[in-house]
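Produce the entire structure from the sequences given, and follow the hints as far as they go.
Order-wise, the sequence lines are chains A and B. Quick note: the first sequence uses the working numbering, first residue 1, plus one each step. Quick note: the second sequence uses the working numbering, first residue 113, plus one each step.
Possibly wrong hints are sitting among the right ones.
[Said to hold, decoys possible] Under the rule of at most 27 Å between Cα atoms (straight-line distance), these lysine-lysine pairs were calculated in the DSS-like manner:
| hint | chain 1 | residue 1 | chain 2 | residue 2 |
| --- | --- | --- | --- | --- |
| 1 | A | K68 | A | K49 |
| 2 | A | K49 | B | K169 |
| 3 | A | K49 | B | K183 |
| 4 | A | K49 | A | K99 |
| 5 | A | K68 | B | K126 |
| 6 | B | K121 | A | K109 |
| 7 | A | K109 | B | K183 |
| 8 | A | K109 | A | K49 |
| 9 | A | K99 | B | K126 |
| 10 | A | K68 | A | K99 |
| 11 | A | K49 | A | K61 |
In case anyone wonders, no lab produced these hints; they're calculated from the structure.
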Amino acid sequence: AQSVTQPDIHITVSEGASLELRCNYSYGATPYLFWYVQSPGQGLQLLLKYFSGDTLVQGIKGFEAEFKRSQSSFNLRKPSVHWSDAAEYFCAGLSGTYKYIFGTGTRLKVLA
Amino acid sequence: NAGVTQTPKFQVLKTGQSMTLQCAQDMNHNSMYWYRQDPGMGLRLIYYSASEGTTDKGEVPNGYNVSRLNKREFSLRLESAAPSQTSVYFCASRGLEGGFQHEQYFGPGTRLTVT
Numbered sequence: 001a002q003s004v005t006q007p008d009i010h011i012t013v014s015e016g017a018s019l020e021l022r023c024n025y026s027y028g029a030t031p032y033l034f035w036y037v038q039s040p041g042q043g044l045q046l047l048l049k050y051f052s053g054d055t056l057v058q059g060i061k062g063f064e065a066e067f068k069r070s071q072s073s074f075n076l077r078k079p080s081v082h083w084s085d086a087a088e089y090f091c092a093g094l095s096g097t098y099k100y101i102f103g104t105g106t107r108l109k110v111l112a
Numbered sequence: 113n114a115g116v117t118q119t120p121k122f123q124v125l126k127t128g129q130s131m132t133l134q135c136a137q138d139m140n141h142n143s144m145y146w147y148r149q150d151p152g153m154g155l156r157l158i159y160y161s162a163s164e165g166t167t168d169k170g171e172v173p174n175g176y177n178v179s180r181l182n183k184r185e186f187s188l189r190l191e192s193a194a195p196s197q198t199s200v201y202f203c204a205s206r207g208l209e210g211g212f213q214h215e216q217y218f219g220p221g222t223r224l225t226v227t
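See the structure below:
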């Protein structure tokens, strides 16, 4: 069965440090993958998406993600974290034409 | 352009009461979705509507019904609320205009408590 896994429930980093959030997927064909961010009390906002082509994709707010088929991973990265990046991050994949599978989320805490 | 709107923002129900969560989008999107979000479980799909006039069950449809009233509106109804339905509910939409758009756009959510 198709699945999306985020192994880290919580991540804490210091402001200015680099960040990597992990996402692993289990799909038969080339997956369509997404990263969303959710600030407290808000809906989800799309950070970036991967469909095909260049495996390094750039998103909003300085985020990027790299698709690695050999590792079944789509990890989210940011070179220097800002306090405003504290939020919950969700990796998701498109399953079939209409359904999406979401990971369980990673909550990011940023230390001043 | 409001995007995806949801009403109400908060609701408290007693067990057995019914209510309808409303969702509307002004992006002319074809597909609409209802999710519930519970701590540690991510988002789980309740129902979706691929296009006006169609609805299909998702991962957790029991206890819910939906109506795709028109292209803009997609409502979620709880006929007899149970404490297990305490959750945050998100509506989302996705367009299939021109190039194939894959990403969803989310509403702000409805926080529902059933006592």
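Going down the list of hints, with the structure as the test:
This hinted pair checks out: K68 of chain A and K49 of chain A have alpha carbons roughly 14 Å apart, not beyond 27 Å. In summary, the hint linking K49 of chain A to K169 of chain B is supported, as the alpha carbons are separated by about 25 Å, within the 27 Å threshold. For the suggested pair K49 of chain A and K183 of chain B, the alpha carbons sit about 25 Å apart, so the restraint of at most 27 Å is met. The straight-line distance between the Cα atoms of K49 of chain A and K99 of chain A is roughly 16 Å, inside the 27 Å bound, and the hint therefore holds.
Distance hint between K68 of chain A and K126 of chain B is unfulfilled; the C-alpha atoms sit about 48 Å from each other, more than 27 Å. About 26 Å separates the Cα atoms of K121 of chain B and K109 of chain A, which keeps this hinted pair within 27 Å; it holds. Distance check on the hinted pair: K109 of chain A and K183 of chain B sit about 39 Å apart at the alpha-carbon level, beyond 27 Å; violated. Pair hint K109 of chain A plus K49 of chain A holds up; C-alpha atoms about 23 Å apart against a cutoff of 27 Å.
Distance restraint check for K99 of chain A and K126 of chain B: the Cα-Cα separation of roughly 32 Å exceeds the 27 Å cut-off, and the hinted pair is therefore not satisfied. Using a Cα cut-off of 27 Å, the hinted pair K68 of chain A and K99 of chain A holds, with the two alpha carbons roughly 22 Å apart. Distance restraint check for K49 of chain A and K61 of chain A: the Cα-Cα separation of roughly 14 Å lies within the 27 Å cut-off, and the hinted pair is therefore satisfied.
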